[in-house]
Amino acid sequence: MPGWQALHNELADSGLTVVTVALDLDPDQATPWIAKAEPTHPSLIDSTHVINELFGIRNVPMAVWIDESGHLVRPAEAASIERSPFLDIDIDDSWPERIQQSLVEIKKMPDSSADYRAAIVDWVENGADSPFSLRADEVVRRSAGRPAEHSAAAACFELGQHLHALGDHDAAVDWWKQAHALHPENWTYKRQAWTIETTPPGQPSDLQQVATETYGTTWLDDVLETGGGAVYNTTPDLTA
Amino acid sequence: MLLDSLTTTPEMFTARTGWSVRPEGLCKGDRCVPAPDALTDDGLINIEAVAQHLAMPLVTDEESGWRALGPESGGSTLTTTEVPDLTLPDADGNPFRLRSLLGRKVLLVAWASW
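Chains as they are written, first to last, in my numbering: chain A, 1397 to 1636; chain B, 538 to 651.
There's no promise every hint is true.
[Stated by the list, open to error] Covered stretches of chain A, going by a simulated chain B footprint (3 or more residues, C-beta under 8 Å):
# : region
1 : 1429-1439
2 : 1452-1458
3 : 1470-1477
4 : 1496-1509
5 : 1558-1571
6 : 1588-1596
The hints are simulated quantities; they were obtained by calculation from the structure and are not laboratory data. Using N, Cα and C, we set each Cβ at its ideal position, and we do this for glycine too.
Let's have the full structure, built from the sequences with the hints guiding it.
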């Protein structure tokens, strides 16, 4: 959040508005982070993950670019503008094994934060002439495919979200398990469901997400099963 | 989209899915799909019909009766670059309409506490 606010400060006078959207089923989990960043940009909460369906968001952070006429000029893609400090951490073999293994996978995640940030600046300066602003057909072509399974996963996730909000957590879990099985690469469905099991209300999120009891898995297990840190969050395709 | 029956208003359907009923059929951006049975006699969206025409999976929670309709499938996530008329609340619960930013460039970033 502080990084996005800084980008907004830097580029707002040049015509860019950063809009951050928290994919948090419980808005109270997101609001302390928002308050701390003291945002002057629109900082919104999407408690039903509607932008997953609309744009193809499947993990965080991901972003889309929208031009002055309200059209997408880049589809949903991984969006980091700061190098993660975890990439440069020295793993200490006295740490718990799960932490060490998680960091090994995190350190495999590709870093294109500097290039991505520079691409945003170039677009703000040059608009449609920027090589990073894509033609409409290219935006559509680069958006992810949506087989029936992924579409069904979205429906299952939404139904679970609603039943959870109504107080029937067990029913929600059953629908969320279906969503996870139908679209394993959608990390927002999984991490959102797991955090409810592993983060006590009002506490900072437990990012290890050892949701073994309810879901039979953990963040690390699923990362390894779906190909490891190198494919966990794809890099933005910054070719013209 | 969440449903408690097998019909909904055209306005709700468009707001949530981006698809609207036009004389040509169901349309989103430049794409139109013929759907003569998209509307009921009462002028409501016939969910089962549009689900079939647009390959939108419809799932039902038998115990509660709630249903959810998934997005259209079989193609790519985006069929148009036109951004839907999306309104989301801010941290204080005030609704914010994305279209209020027309005329500016927007970087819309998804993040989460988890």
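Here's how the hints hold up against the structure:
Counting residues of the region 1429-1439 of chain A whose CB lies closer than 8 Å to any CB of chain B gives 5, which reaches the minimum of 3, so the coverage claim holds. Only when three residues or more bring their CB closer than 8 Å to a CB of chain B does the claim for the region 1452-1458 of chain A stand; here the count is 5, and the claim holds. With 3 residues bearing a CB less than 8 Å from a CB of chain B, the region 1470-1477 of chain A meets the requirement of three and the coverage assertion stands. With a threshold of 8 Å between beta carbons, the proposed coverage of the region 1496-1509 of chain A by chain B is violated, since 0 of its residues qualify and at least three are required.
Under a criterion of three residues with beta carbons nearer than 8 Å to beta carbons of chain B, the stated coverage of the region 1558-1571 of chain A is upheld, 6 such residues being counted. With 4 residues having a Cβ less than 8 Å from any Cβ of chain B, the region 1588-1596 of chain A passes the three-residue criterion, so the hint holds.
The structure fails hint 4 only (numbered hints given earlier).
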